[in-house]
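J.: Next come the chains, spelled out residue by residue.
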Amino acid sequence: MRRPLAWPALILGVLGFGILYVPVIVMIIYSFNSSRLVSVWAGFSTKWYGALLQNEQILEALGKSLWVAVSAATISTVFGVLIALAFVRFGNFRFRLALSALASTPLVMPEVVTGLSLLLLFIGMEGLFGWPSGRGIDTIIIAHATFGMCFAAVVVQARLRDFDMSIEEAAADLGARQPYIFFSITLPVIAPAVVAAWLLAFTLSFDDLVIASFVSGPGSSTLPIVIFSKVRLGVTPEINALATIMILLVAASVVTASLIIYHNSRTRRRALEQTAAGDEITVVGQKESQP
Amino acid sequence: MAPFIRIENVTRRFGDVVAVDDLSLDIEKAELFCLLGASGCGKTTLLRMLAGFETVDSGRIEIDGIDMASVPAAARPVNIMFQNYALFPHMSVANNIAYGLRRARMAESEIRTRVEELLRLVRLTGMDDRRPHQLSGGQRQRVALARALARRPKLLLLDEPLAALDKKLREDTQFELVDIQEKLETTFIVVTHDQEEAMTLASRIGVMDAGKLVQVDSPRQLYDRPGNRFIADFLGSVSFLDGIVTGAKDGLLEIDAKIPVLALDPGGFSVGQPVSLAIRPEKINLSRSRGKAANNIPISIVDMAFTGVASNYRVSGPNGIMLKTTQPNQRGEDAPMEWEEQGFASFDPADVVLLQD
Amino acid sequence: MMGQTTWLQRNGRRIVVALPLIWLIVFFFLPLIEVAQTSFTMPRRGIPPFEPLWGFGKDGFFTNFNLENYALLLEYWQDYLGPAGNSIRLALFSTIICLVFAYPMAWWIARSDPRQRAMLLVLVMLPFWTSSLLRIYALIGLLNPNGFINTMLLFLGVIDAPLRMMQTDFSIYMGMLLTYLPLMILPLYATMIRLDDDLLDAAADLGAGRVAVFRTVVLPLTMPGIIAGSLLVFIPAVGEFVIPALLGGPDQMMIGKVLWTEFFRSRDWPVASALAVLLLIILAVPIIYARYQDGRTTALDQQYDEAQQNDIKPGAA
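Sequences listed follow chains E, B and Z, in order.
In this text, residue positions in the first sequence follow the working numbering: the first is 1, and each later residue adds one.
In this text, residue positions in the second sequence follow the working numbering: the first is 1, and each later residue adds one.
In this text, residue positions in the third sequence follow the working numbering: the first is 1, and each later residue adds one.
Keep in mind that the hints were calculated from the coordinates and are not lab data.
None of these values were measured; they are calculated from a predicted model.
From the three backbone atoms N, C-alpha and C, an ideal C-beta is built for every residue, glycine too.
Check before you lean on any hint, since a few could be wrong.
[Stated by the list, open to error] For the chain B half of the interface with chain E, some residues (derived, Cβ under 7 Å), not all of them:
1) F53
2) A69
3) S70
4) A73
5) A74
6) N79
7) I80
8) F82
9) A86
10) F88
11) H90
12) G100
13) R103
14) A104
15) F306
The whole structure should be built from the sequences, with the hints applied where relevant.
T.: Shown next, in the form of structure tokens:
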């Protein structure tokens, strides 16, 4: 029995989606406004996109952000897989409690605290060992990898938990040893979760303003830092254009990914239904071929 | 000559639970042996110890004369077919089968030949490039079998090999499995909780309960001559009567089990001794008139259930005894006996199994 | 060849645990210690702009321990504790508002047919994957005195003068909704998708009206989602910086913004550190509760999964 949504709930639901989408849609429309004034629609134009491509400060920051996000996401994913493996596979190992506390608290740590604390650490370490000398891209990568790995671990853990252990035993039974089993069986099977973890860590790093602001040095401004400094001065059409591009890119990839996942699960279901019917046919075939 | 597989006083505990309790068993080469028991009886643990996934707390396991204690799973001449098949979901059928061969550093050309040969054996020729999720349950089961056989194991372990298949398919696959085993002459150990499956497949069955082997025998012996009440009850349906031996003559025992019963003397019983009688339902014949058999008991029908090929009855006799009996669907004109009808239950002294406990 | 293992195989587990453990100790735990230490030092001119808490000088071991920064927080309470209280208030109401919108949205998604459900889920996930900074920026364009809403309302003649929406509680709540609504919807959805329709029918069959079904069946069974979602929103909302910085005014001061200002503007790192400690103290209770709750739900999930498996394979050990 299907229950229709009560109308007050429906209104709240529609409003909720409205709050999520109306600001962005209006911004996308106004990014094509030829006037610098936001309030006046002065005709369609793509000139702000042109101006954006001329803006070296933004392009440079974009390059840095991409590099930071790719590096941080990669470190995060490797360490996240290790953490997930330890929790799901190693039972009650020594330091389990310590690792569990250390890997889950960053998930809920306020960004201002994470940023401030890492900056203090980097300065303290520089005083003691001379490393890292000054703040820059490296320190941002380290900071982002630190919380990124905790998020990555959560994603990978969820997949590892319902991993069918008997396929690893099957590999061992057929003569394989660790770490070959991990790379030939485990990793390929959990690959979708690993990719999801990487993308999550990438996004978190790419979007981070607060932590990067604390641990960046002169000349290592990432894109959010540049955007923030511009936004403070008010709404500018160039940022409209930039935001439009970024949001549409993410939207395109999320929608594509969802379509692929949806399509895959459907063909998989279909294949199963077809082959379930196939059992009968095979059985009949066997009977005929038996003397 | 030493037996091919020797399991000697093997014990395995999980915390307070003794999964396998001081168990000893010998299995011959090329035998199809079945470990039968309810879930939790320790049969899967025993299987996993043979495969090398579980350690042995005490006792030893020998395969082909070699102690397996220090041999890891990867190096044992044993392969296992998992209950859920455990096919590698990201590999094609051919790569699944070739996995073990590649680990053994076989040449690619040889691997190709061997995979073809195995696919032919399990009747999956042409399925090389399919992924596991594109196969039906029965096809997956056969891929798992081919993969486990690829390395020519000395011993193949099968954990509930047919449990995931539906009833019809299971019956056909049983015979196929026996065919393959006879063709390859590999030793098979099958674990199952399904007594019918065990009977169809095995040349010998070991019945397990609470970590111990209760009886090891051929299917027919187990069914017709169960060693104790547990086995009689576990394998198929049975009626029990309790009585005392009152006399012996001409190789027959006279027993007072609230009703007088004549039973074939298997030896080892003396007058005055208490015994349990077990009678299989299909060995009891129901009729409206007194038959010629040695044991004839007046009864009335309490319950009847028609199942198609046969009808199952519960009948009550003198002094409150109850018997279960199965009557084949009558041929010809004879009308089957109905509810609350009076009649006679008769059975042969040879079909009465005497149990000590 | 049998039984031989490589160094990697013997120490594999140790490496798997040690690498992340060491990283997190160095880059997460030590920094927190550093913050706590700095909160007990005095600012100075120079690099770093605070006195060392302890060290070895000409006269041997010395310490500069003092509670001056915490005294400062109390003395100028309206500048420090006020925003802290404000943060709790704004975060709390934001959480409630998110819940009010998220609950029907999650219900709607969970009860849709699979195709529509997939689409709605993408609509929820999409903001989650896009930068909240950019979405808040888009909101400014809507709420500004000369922004989209005011322009439209003036044009339509509904109002005569621009409404003041920026730098109010309203703008903060809008920003929080925009940022945290997906975080509230997802855990709610996760509990609702498991809710068996038959339970609702059974309750109705046993005489419960719509309200009673909701109160006695739906609400208790979705409570884990409500708690998880509320924590996911409340905890980061308390420490939020971007939203009060871009959408708030003097009345919407929040502790995260004060910390930022002390650090970047006043360059008073010890006071910023003391504020960080204060923020952590505020969040300690919900964070610890979240961990406890997390453990509980995991245990519940396992029970649920086991029950499901038993349904499929009766009697399986």
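J.: Take the hints in turn and mark each one as holding or not.
T.: Now for the hints, and whether the structure bears them out:
For B:F53, the suggested interface contact is upheld, since its CB lies about 6 Å from the closest CB of chain E, less than 7 Å. With a cut of 7 Å, the hint placing B:A69 at the interface with chain E is violated, because the nearest CB-to-CB distance is about 17 Å. For B:S70, the interface hint is violated, since its Cβ never comes within 7 Å of a Cβ in chain E; the closest pair sits about 15 Å apart. Interface restraint check for B:A73: the shortest CB-CB distance to chain E comes to about 5 Å, inside 7 Å, so the restraint holds.
Checking B:A74 against chain E: minimum C-beta separation of about 5 Å stays under 7 Å; hint holds. Among the interface hints, the one on B:N79 holds; its C-beta lies about 6 Å from the nearest C-beta in chain E, closer than the 7 Å criterion. With a least beta-carbon distance of about 5 Å to chain E, the hint placing B:I80 at the interface is held under the 7 Å criterion. Evaluation of the B:F82 hint against chain E yields a held restraint, the C-beta minimum of about 5 Å falling below 7 Å.
Interface hint status for B:A86: upheld, as the beta-carbon distance to the closest one in chain E is roughly 4 Å, under 7 Å. With a least beta-carbon distance of about 6 Å to chain E, the hint placing B:F88 at the interface is held under the 7 Å criterion. Because the beta carbon of B:H90 sits about 4 Å from the nearest beta carbon in chain E, less than 7 Å, this interface hint is met. Taking 7 Å as the C-beta contact cut-off toward chain E, the hint placing B:G100 at the interface holds, the least distance being around 3 Å.
Checking B:R103 against chain E by beta carbon gives a least distance of about 4 Å; that is within 7 Å, so the hint holds. With a least beta-carbon distance of about 6 Å to chain E, the hint placing B:A104 at the interface is held under the 7 Å criterion. Among the interface hints, the one on B:F306 is violated; its C-beta lies about 28 Å from the nearest C-beta in chain E, farther than the 7 Å criterion.
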